[in-house]
Amino acid sequence: FRVQLKRLGFSYDWDREVKTSDSDYYKWTQWIFLKLQEKGLAYEDYRTVNYCPALGTVLANEEVVDGKSERGGFPVEKRPMRQWVLKITAYADKLLEGLKELDWPQSTLTMQKNWIGKSKGTVCQFDVKDSERQIEVFTTRADTLFGCTYVVLAPEHPLVKELVSEEQREAVEAYQKACQAKSDMERTDTTKEKTGVFLGAYAINPINSKVVPIFVGDYVLGSYGTGAVMAVPTHDQRDYEFAKKHGLEMIQVIEGDCSASAYEGDGVHINSDFANGLHNEDAKKAITERLIELKHGHYQVNYKLRDWLFSRQRYWGEPIPMIHLDDGRVVPVKEEELPLRLPELDDYQPTGDGKPPLSKAKDWLNVTIDGVHGERETNTMPQWAGSSWYYARYIDPHNSNCIGDKKLLDHWLPVDVYVGGAEHAVLHLLYARFWHKFLHDEGIFSSTEPFKKLYHQGLVLGSDGQKMSKSLGNTVSPDDVINEYGADSLRLYEMFKG
1 FRVQLKRLGF SYDWDREVKT SDSDYYKWTQ WIFLKLQEKG LAYEDYRTVN YCPALGTVLA
61 NEEVVDGKSE RGGFPVEKRP MRQWVLKITA YADKLLEGLK ELDWPQSTLT MQKNWIGKSK
121 GTVCQFDVKD SERQIEVFTT RADTLFGCTY VVLAPEHPLV KELVSEEQRE AVEAYQKACQ
181 AKSDMERTDT TKEKTGVFLG AYAINPINSK VVPIFVGDYV LGSYGTGAVM AVPTHDQRDY
241 EFAKKHGLEM IQVIEGDCSA SAYEGDGVHI NSDFANGLHN EDAKKAITER LIELKHGHYQ
301 VNYKLRDWLF SRQRYWGEPI PMIHLDDGRV VPVKEEELPL RLPELDDYQP TGDGKPPLSK
361 AKDWLNVTID GVHGERETNT MPQWAGSSWY YARYIDPHNS NCIGDKKLLD HWLPVDVYVG
421 GAEHAVLHLL YARFWHKFLH DEGIFSSTEP FKKLYHQGLV LGSDGQKMSK SLGNTVSPDD
481 VINEYGADSL RLYEMFKG
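Start counting the sequence shown at 1; every next residue gets the next number (our numbering).
Accuracy of the hints is not assured; some may be wrong.
What the hints assert, rightly or not - In silico EDC-like cross-links for lysine to aspartate or glutamate, where the CA-CA straight-line distance does not exceed 16 Å:
no., residue 1, residue 2
1, 182, 101
2, 27, 396
3, 118, 97
4, 87, 307
5, 470, 70
6, 78, 103
7, 437, 410
8, 113, 101
9, 453, 103
10, 87, 130
11, 304, 184
12, 35, 410
13, 334, 375
Since the hints were derived computationally from the structure, they do not count as laboratory data.
Starting from the given sequences, assemble the full structure and let the hints guide the process.
See the structure below:
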């Protein structure tokens, strides 16, 4: 790579070269993880994840397309697994506020804002008919509660198994299994047909005591809100399409045209008892206050942003510096023992039983602390870990005592202009902002944002019309072009194409 970049004429300071896979670098990635864990921002949890058996690892939602891995096209399934998770949600408000001071493309700012997805709303509690159970629903449209004609639970909602009738059990379980092959992004795709199955149970609308059917539907996510929605077909397009397909009742509660699609705008409320004549915001308040009086609801702030699944079941990645002791404790590796290096292995493939490759390194795996046997964490960090702070390491790349000299970091950060693809909007760019803000809170960085100005350079397409990518096998080697035409011709051609 270095030879290629030099041939292309890039005048980089090679004394500041950084490789995130070098142990001298990932020592500090591991150090940051320990600081996150120390502050309660890194924790273990069992999560339902996208698992690819062929690749032997967990995939992010963004890495799953049509139920298959983005790389390789292998089938992906949902399964619960023990994961290390970073509590990025603790920084949700700071990440939102920080967007106001950035000189970034508006489309990228909007994508991050929507990804974080802060929403103020109401939790409504629906009693289940002939049961002691309640279904909690989070909604930003409490004003439409009088128009609720059915309730939908996510396929993974814990109440599905409990509430399903014997007559509907087989159909519901088959539906749940089919949903496991879909990613969250596929399930919430507004262009796809809304599917669902009747649960064989009913709920009671808390505002008017109306009995409504309960469905299980994959357009509802267990990871957002409460994993349940109150469906108002006349004023929510997803509910409208679902109700049309299943022949469900529609009750209009806001004046407007609902003949061909849901009316989702503001308007005067009708068919809403004490809320009649009110506009949306006033109706939200009036109905929420009534729910509070009835002890069947309360105000709540929700985020679409989920905590960051940080574990990968593969060899190539920074070892997570934690130890699981036989007495049940999970303890960090001592800072003076960093870096915790990857052990040498003859076989880098995952084991057949789903365990990560590092579980094969028995000498590395087994440790004793104060007479108590333990095993090192065998999951590794994701590819996003090292890239979440690399820009700061360029400032003081050979410092073996800390991330970088404080005076140098204060002088050079934040990055003035950052050039990168728009495809990183809700991954690398969000993760880097999270880590930067955390390191600011730790007193390492003075600035609160990593990149002041962001410029998207666009994509180069291959001859097949897809983005030029090593994984797609449609790249053109610049070496071949340079050998035939020279570096200046290549550089000039690319500038004109841009």
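Hint-by-hint comparison with the structure:
Straight-line distance between C-alpha atoms of residue 182 and residue 101 comes to about 37 Å, which puts the hinted pair past the 16 Å bound. Under the criterion of a C-alpha separation no larger than 16 Å, the hint pairing residue 27 with residue 396 is consistent with the structure, at around 15 Å. With a CA separation close to 11 Å, the supplied pair residue 118 and residue 97 stays within the 16 Å bound. Restraint check for residue 87 and residue 307: satisfied, since their Cα atoms lie roughly 5 Å apart, inside the 16 Å limit.
For the suggested pair residue 470 and residue 70, the alpha carbons sit about 13 Å apart, so the restraint of at most 16 Å is met. Annotation: proposed proximity of residue 78 to residue 103 is violated, straight-line Cα distance about 39 Å (limit 16 Å). At roughly 14 Å between alpha-carbon atoms, residue 437 and residue 410 fall within 16 Å of each other, so this suggested pair holds. For the hint pairing residue 113 with residue 101, the CA-to-CA distance comes to about 13 Å; that is within 16 Å, so the pair holds.
Note on residue 453 and residue 103: the hinted pairing holds, with a Cα-Cα distance of about 5 Å set against a maximum of 16 Å. Between residue 87 and residue 130, the direct Cα distance comes to roughly 39 Å. Violation of the 16 Å bound is thereby established for this hinted pair. Taking the CA atoms of residue 304 and residue 184, the gap is near 12 Å; set against the 16 Å cutoff, the hint holds. Under the criterion of a C-alpha separation no larger than 16 Å, the hint pairing residue 35 with residue 410 is inconsistent with the structure, at around 20 Å.
Between residue 334 and residue 375 the alpha-carbon distance is near 15 Å, which keeps this suggested pair within the 16 Å criterion.
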